[in-house]
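Now for the letters of each chain:
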Amino acid sequence: MEYAIELKGITKSFGPVAANKNINLSLAKGEILALLGENGSGKTTLMNMLSGIYMPDSGSIFIDGKKVSINSPEDSGKLGIGMVHQHFKLVERFTALENIRIGMRDEGRFMHGADVRKKIEDTAEKFGFDIDLDKVVSNMAVSEKQTLEILKVLCYGAKIIILDEPTAVLTVQEIDRLFDVLRKMREEGHSIIIITHKLNEVMAISDRVAVLRHGEYIDTVVTKETNEKALTELMVGRKIELNIDRPVMEKTHPLLEIRDLTVKNDEGVIAVDHINFYIRGGEMLGVAGIAGSGQKELCEAIAGLRKIEDGQMIHEGESIVGMSPKKILEHGISMSFIPEDRLGMGLAPSLSITDNMILKNYNESKGIFVDRKTASEEAQKVIDRLEVVTPSTETPVRRLSGGNVQKVLLGREIKSGPNVLITAYPVRGLDINSSYTIYNILNEQKEKGVGILFVGEDLDVMLALCDKIMVICHGKLQGVVNSNHTTKEELGLMMTGTINIVNKDGKTDGIAKDSAFTDEEGNA
Amino acid sequence: MRKYHLVRRADSKIGRTIIFYAVGILVSLLIGAVILMALGINPFDYYGKMFTIGLVGNRYGYKSIEGFLKIFVPLLITSLALGLSFKMRFWNIGGEGEFLIGAITASVIAFNSSGIPNFVTVLLMCLAAMISSGIIGIAIAALKVKFNTNETLMTLMINYIMLYVIRYIGETKADWNFFLREDSERPKFGTFPDSAVMTGIPLGQFKLLWSVIIAIVLTVIVYIYLKYTKQGYEISVVGDSSATAKYAGMSVGKIVLRTMFISSAMIGLAAALTVSASGTISDTVTNNVGWTGIIVAWLSKLSVPAIFVTSILISILQYGCQAAATQYPAIDSNYADLLQGLILFSVLVADFAANFKIVKKEDAKNA
Ligand SMILES: Nc1ncnc2c1ncn2[C@@H]1O[C@H](COP(=O)(O)OP(=O)(O)OP(=O)(O)O)[C@@H](O)[C@H]1O
Ligand SMILES: [Mg+2]
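Protein chains in written order, with our numbering: chain X, 2 to 525; chain Z, 78 to 444.
The following block holds chain Z by itself, in its conformation from the complex (with noise of 0.2 Å):
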């Protein structure tokens, strides 16, 4: 017979949660630090270079922070717009798949567009992968709506066949694949022409691109469109009882629909957003925000201002990680993606520690 037994927590307290984020968060740098040592790598040096992602004695800093926002601006679009959609207790698992479908419509704008103006083509990459990745997102409700299958399943699936239909495009030499350099005998992914490639302001020699500020502002319309419009509370309704909304009235299906759309378009700006900022297309493209933004609009308890923080926090783990371990011969990117794992897993342990507790059984009995 089990001795010990969950209960969850009647209340919830947040110094009690910061508490345990931060336990956790100690404990798995502990492991790490193990493992460090174990390499012969002295894991203060370590840890500072990557919790200052590298900025600090650097003569490029501005590198890494330009390093930094890569990762974040995909991040937090993605985990906003999953968001949306867990509101409305849709469970969208498919932003990879909705990713990888617009940043290959924006890659085809973008591999044709020698001669339009920068700012033109940018603009229809985005709008070309908001529309494709949109699409899908509708598709998939709609079968939700009309015959009422499974989303999970649905948007699963999605990720698999564009993650191969990107592959395939990657490794087939052809006439007809302009996605390839035509002076690479291997099948490579050609880079965009300057045409496609994000601008930005810039201060000294760092440039803020365009994207960085497309997504504070979408964060804040997010915000406002999720707290005060009346589609907003639609979808807070419909995701709370679908037979309340129903009752007074409103049409769930269109909302279901509406808030697919939106939400995987959003993915496909986030996708428009980033091949264009990086100048070319692969395969990895996605640099898996369509699971990381799950577990960042989990931690967050969908909020969007929370949503905002842990992008920040997680992005600064993800190439802080990174930074720290091109810096060491003794270890490589799989270190850091150990690391991050750990991190969150801790995270996530940590979290529900904070909501449950233990209990001893005999309690009852002799207390």
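This is chain X alone, in the form it adopts within the complex (with noise of 0.2 Å):
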């Protein structure tokens, strides 16, 4: 076979961390290669080395047979190589076509020449992208921005493509077209590298799979000769039951009733439209929905970051609109929403795990020092419990892997003893193992009397998760639908606004037979 690229004995250490320990990899002419490893297990480290952001301690790199050092994103771009990064790599202010064009060279002095539109335009058609040049990149959305991110690298003329999770952020018919484009570059006769963690997408598009485990090279399989439980396997080390365990509680009383909420996004423009819904201890309630369908919006207007417009939040009985979000935390109401960038709300990325632990109740001990040695303590806790890769907890938690960030931001949720658990996207870009960790942890509060609103993107996981869901689209509710009672169609369907069913059957969905509210109106 011929190689784009061989790896040959490649290791890499950050201090004391080895991320990656002697690694041989190789990536052959025309094909799809997914990487596949936990979090931590140096993905990310290794693809990096290829891009020119790090260089290896030791090992050689051979691209097309022939050996290379890479010392540098140019170096990196030279030979051919183009990665679309973890967190994009984009100027704000500018349009696409500025964005392709600043990173040109040899073509010129003028920013919008017509060629070099020409040439951009002339790329994505080829390839059957589908993106508006004129666009500034701050008004795009997350799959845009993505589009543009590999658009650009293939003006640039690579001819081997690393993509670092691009399907964590996407919806299901996004991946579908990002898909059609890589089968598309794989006809051109691109190589690709594909990280991701979910395993019916690695099945789906790649020819062949590697696998790494903490920081080693495993083994590189042929996808059609494998499946789902075998890689699990191979990246774990051992064998483990995948199943998502849904307990049936005794419900109690609605904690957390929602009436009539709306509320603005940052244009002003209605992103919650009057929704209607409520939670009740040892329940927990999904809300299924298109990316963008108001669910941001909703989580922070409970957690008290976002003015409401119009509505009722009411919490064990007591009104929680207008609080500030402390308040609504002491309240019990704890929330953790993992954005697109994954850091950017809820931790403080050059502060250590430690520090990060008791970012919401740093104020609750006693006097005017900060009681670290509680917080360490946690934080050894939370790195027990959820299995956080980290030399100690000291480390700032900027230097973590992706998934392992993660944990740190839903251990501390959790650790804090909330009733009321808001959960978004908790899982994005955790491995398969750590997800079950996590679906784990959250059956567990269930169990302890908790209500969880979980917003989430994987329907069969939500199904299998959550006693009820509620699907909302353009802000607007759909209806609420019992787990047992609906099947994934249903709930696509109500994803587009095809179906509405709040009003069915002459009762209302998303308000509570015994609603707090009727107390005081009498109108439940």
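The set of hints was computed from the structure by calculation and includes no laboratory data.
It is possible that part of the hints are untrue.
[Stated by the list, open to error] Where chain X lies over chain Z, by a calculated footprint (3+ residues, C-beta under 8 Å):
no.	stretch
1	188-199
2	298-308
[To be verified] Some chain X residues near chain Z, calculated using beta-carbon distances under 7 Å:
no.	residue
3	Ile321
4	Met324
5	Gly333
6	Ser351
7	Phe370
8	Val371
9	Lys374
All values derive from a computational prediction rather than experimental measurement.
Glycine included, each C-beta is placed from N, C-alpha and C at the ideal position.
Hey, can you piece these two chains together into the complex? The hints should help.
Structure representation (structure tokens):
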């Protein structure tokens, strides 16, 4: 076989952490190789050495059979390697065209030359991209930014494309479209490495799968000759059961009731439109909807981070409208939102895990000093509990791998012992094993009588995990269904607004029979 | 096409940093030596005097220490104060202006203090300076919090405004102007009455001024404040990600206001201590600490112990340059400034070189 890339004995350490140990990996010409491994197994680090961000401590890289040394992203680009990073690298104020243009060399001095546009348009058409070149990046949705990143590396003439978790923030439809593009690229003779934690995607798109475990190279297998279970075992190193439980709990009174909630987004457009719902203790309510249907605004409104336009929010009989985020937290409502950039909200990246643990309750200890002793014990507990891969509790969160960052965040939210837990996309970018750890933790919380709002993406998971699922479309409630009595298809139709079952059989979804509202207004 | 380009080093090793610093300083000293030789001065002699800040073979050696401390105290406190706001990513480059405000208010009290006990006067001077500088700091922070103005521009402008205010005071002969000497025809700043001049603990001939003790105690307090207190913790969180701080329920605006008050008030305190120790005010009273302090804070990577050490080194450099220059008729204080600039510049370059490296482009293709 002819290889586009061959890695031999690559080793890379960050101080005491050996991120890659003696890795051998090969990418054949014109193939799609999936790179699989648990969080912190060294996938991103390895790829960063191909894109010139890090340099290996030892080992050699061969491109098209020739030994090379890659000292900078520029070198990497010249060798025909293009990487789309886990975190986008775009100039927010520039248009798509300008973002591509600034990286193009040898194209004359003018930013907007006609030939430049032509060249970009041709590339876009060749691979079937649907993109508005004059749109400013800050107005783009995540999937558009992603498309732009890929188009960018193609325009620079990359023959080897590396995609680091491109699907983590995309919807199912967008993923399909992305895969079409990737297949087209393969037809054109490009070689592709894709990192993803979702095994169904690995099975769908790749020709071969390379597996890393704890920084070591395990094996490369042909996709057709393997299955999801075998891959999981390769990745984790032992047999594991992959079942999502749904313990059935005795449901208590409605803990959190939302009535007629209306919230605007940052642009002043209505994002949440007169939504009603409630969460009982010991119940997990899923929120399904196409990305950007108002999930973020809903979570922020409940957590007190966003002003509401209209409506009521009652927590255990007391209105929380207009309360400060701190007050709401003290009431026992905890919110963890994993944003698309994963780090943006909820963590201070340069601070240690310990310091991040106490972010929300550092003020509770007595006196003027921060209680770091308790904090580092708690940090250690979270690390043990969620199997966070880190050298110590004092490591800055920024140094952790993407998935481990998230475990820290969720661990903190649960530790505060809330009675309503709002969690959005908690497994975004997590490996399978960790995802199941998270599901188990959420179930444990539920068994303790906590009411959980689970904003998710994967319908299969939500059907298995949540007791009820509420569906929103463009900020409007489409109905609340019992997971036992619905199907993925029905949910899909509701998500796109095709069916609306809010007022079915004379009863209104989202309003509890034993609502605390009844006492005051008598209109439950 | 460029053949070389810069790459940030992935790791930072303390050993390498020290070597780079040493080389940088050596190079600047060599350049200085060439100039000295051209002027007919033996560079070894000169540097010897400079690095011992004129202590060796000097009957009045204690004077050198006092002189050094007069430079050291304001620089240390100002650097700490700037470090505090930088840690919050608030780019306070108005140290000069804040210092001058403190110096002026402290002087207002000083010039009108005859008869009041020394301890009370100095205390009042410190308080007045801290409050006046602090208020300006809060005002700028409030503009930033309320209207999202650019604090860099605002603090920068304060420097110029205050510089011209003090020049105006220093050059305007008028009945109201108690800052100036009455017995001089030309406008000239007066000296404080004894009640406003800093005292200290006499150790033989040497007098250890209270300001030195205050500065050292303050260093310890700031260290503890940043590292162990809740307010210090809030500063790090706001500096790292203000979105996160808000999410955690912190009131970011309040924290910014409070920290800027503390930062500016500390600079005001430095000013009060300085004018009180020197017994007068002038338009060069800041000795550029507002600027040098920025360099100190950054060279120290905002770490308090490092700020302490760096302040000592830079003060030795400053005072040593001046002390040595006074002993040679062929050179004046301009040479001292030049040499100081050379050394600081080379240290900055060394710091840069310790963090970045130059890579040749062709390496990628034919390695
Ligand atoms: N700049 C760095 N400094 C120190 N340690 C690092 C750095 N980058 C990565 N690491 C460590 O190296 C290990 C591998 O990290 P890497 O980001 O490559 O994992 P990953 O396989 O991409 O994980 P994920 O799926 O969570 O993104 C982790 O333990 C991480 O903490
Ligand atoms: Mg990664």
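Against the structure, the hints:
no.: 1; hint: 188-199; in the structure: violated (count 0)
no.: 2; hint: 298-308; in the structure: holds (count 4)
no.: 3; hint: Ile321; in the structure: violated (13 Å)
no.: 4; hint: Met324; in the structure: violated (10 Å)
no.: 5; hint: Gly333; in the structure: violated (14 Å)
no.: 6; hint: Ser351; in the structure: holds (5 Å)
no.: 7; hint: Phe370; in the structure: holds (5 Å)
no.: 8; hint: Val371; in the structure: holds (5 Å)
no.: 9; hint: Lys374; in the structure: violated (11 Å)
In summary, the structure is inconsistent with hints 1, 3, 4, 5 and 9 from the numbered list given earlier, while agreeing with the others.
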